Amino acid sequence: MPSAPTGRRPHLLRGSCAVAAAGLLTLTSACAGGGGEEEVTSLTAMDYNLAEPQNGTTQKMLDECGRQAGVEIKRDAQPRDQLMPRLLQSASQQKLPDLMLLDNPNLPQMAATGALLPLDEAGFDTDGYYPSVLEVGTHQDTLYGIAPGVNGLALFTNTAMLDEAGVEPPRTWKELRDTAGELTRGETKGLAFSAIGHEEGTWTFEPFLWSNGATLTELDSPEAVEALELWSDLVEEGSVSQSAVNWSQADVNDQFLGERAAMMINGSWQLPVLDEEGAEYDVVPLPVPEAGAAPATPMGGEVWAVARNGGEREKKSVEVLQCLLSDENMREWAELNAYVPAKEEAARQLAEDDPQMAPFVESVPTARSRTARLGEDYPDVSAAIADAVQEALAGSGSAEDALAKAQKSVPES
Amino acid sequence: MLARVGFLAPIVCYLAVFFGYPLAANFTMALREYSAASFYTGEAPFVGLANYAAVLSDPVFGTAMANTAVFTAASLAFQFGIGLALAVFFQRHFPLNGVLRSLLLIPWLLPLVVSGTVWRWIFDQEYGVLNQTLLGLGVIDSAVPWLSSTAMALPSVTVANIWVGIPFNMVILYGGLQGIPTQLYEAAALDGAGPWQRFRHVTWPLLRPVSAVVLMLGLVYTLKVFDVIMVLTQGGPANATQTLTTWSYSLSFGELDFGLGAAVGNLLILIALVFAVFYLRGLRTSGAAPGTKGGR
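These protein sequence lines are chains A and B, in that order. FYI, in UniProt numbering the residues of the first sequence are 1 to 413. FYI, in UniProt numbering the residues of the second sequence are 1 to 296.
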């Protein structure tokens, strides 16, 4: 092939490319224009409530609250693992949704971008909320997110199996080991929990870590090692399947429903699923190291946050948020998901009406924020803890070595 | 002159926008501290090679490199070996040859998420069909934790990936075999060559260019395998099946540290490039030989 005169070709090409690019730019800027101080008639919202009935209810509540505030709300529901990448993408175009429902450990990262509206500054009324609930929505002493309801972990037991074996639900670690061993028969394991290699596994392990007095910043402490040894002993003794390292919490629930585990550690949101399947079960607080020790469960659940999208939009968004968190909506949301309402009064009421929820309600005042100490570094440390747990359960490494390795990911402060 | 530019411009623009720009962006991203906040503020401080240093000194790096190497080498060797054996087998004429050959294509047609889920089921420690069968036959005395032990997870994931890749190898190699003139086999047979010698001295040398393409494509496909691992183990337990691809993903989208993720991604590109250079050089030297064929 004869070569073209090399001197001019690239230059011309660059020219034609630039023309095309310029065309594109004009198009996009034409679309992006507008905004300003005009009257706000529509807001945007993003969440990950894709499963029914949460999906329909979220839509209904947003529609209703939008109507009351005189705006139309365009909702975008994403798969759970796509939510943060999508939000970051829209943040890079300065087009964050006005309202977003985030999993609470992700809040500090979002807040650290500076894109979220401080809610106390916006005059959001926080009367009646559990202080612990407000803490998970707080980043560097500023409230950015507020939960409609929270969830936590508890021990679920198969009543028939426990009766048959003649054992009581365990309350201490020792009882947990003994009971789990006793309940392990043939195809059925005594206990199931999620030790999967990401946040779900970490958060299941945290109550053990914390109730033994360990912290997320000193992972190699003897207390932390002891907690992990409890888990690896349970697996070694055969009371928990080693497959736990690949189980999500939904998988754990399936094991329990399929009567392949007599007990499980899981969240309150499984209650509706279990009821729908007609399972006979009981719920008790998670076992603690010694009788009488204080339980410490991580606070789970999502928080609503508002983007800094300018005066009028922010005002409308806060208005919608107040409505989403009205007592009535909070109650409906809590019942639907088996979450604990974020306001003490409503939660107490729920515990009276529904005894299955009582252990979860009980745990809320002492439930801990996972991100309180680590803030935006939490995901990093969480991943390291999940790795350590997996290494101790599935590998040849000891709990001590595994946690010593995890400690390296804790930022020095 | 203008016409020439006009013809070239679309492809050059396309390449620049869809290949050049992302590559360059990935390259510069790896030199910056690109956190969640960077997306909103647009500020990503330049940190030079700090991301690479962090990646290289991370203990996961060694694991991921070794896993990638083992996973890729084992996948390629077995996919190619079994694919070639099947291709040679299907060269013979026998009833239902075509039907069987199309059935073997099924792994290729299934979405990877589906086959991954099925393999996850097969490998299940307690209820998986593999353990049930082996226990029933008395081959093992206790259930093997195929996916839930750090020792077994990588071999298990590799087996699943080999299964996925066999049809592709078989189809291309079978096509290559069709291009070898039958007279050569007849001549070799007349000279007294047995089946092994016919394979060794006729099939193998004439199949070389096709083999090179299959292996090169296989290498690229295997280096970037993501879905199979993600569905089966998500890189776990304890990074036992973490490859550069899954690690890059979890750094970027799990820990939201896009600078580190980009650095790992660039290392992956670099590795693929090294092999690509070998391939291109190999092609140039064998291009002169009369090996390339279209099957007259």
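Calculated directly from the structure, the hints in this document are not laboratory data. Careful, some of the hints might be misleading.
Which residues of chain B face chain A? A few of them, derived with a C-beta cut under 10 Å, are [as the list claims (entries may be wrong)]: (1) 22; (2) 25; (3) 26; (4) 36; (5) 38; (6) 39; (7) 40; (8) 60; (9) 233; (10) 239; (11) 254; (12) 255.
Since the model is a prediction, treat every value here as computed from it, not as a measurement. The beta carbon of each residue, even a glycine, is placed where N, CA and C say it ideally should be.
*So which of the earlier hints does this model not fit?*
1, 2, 3
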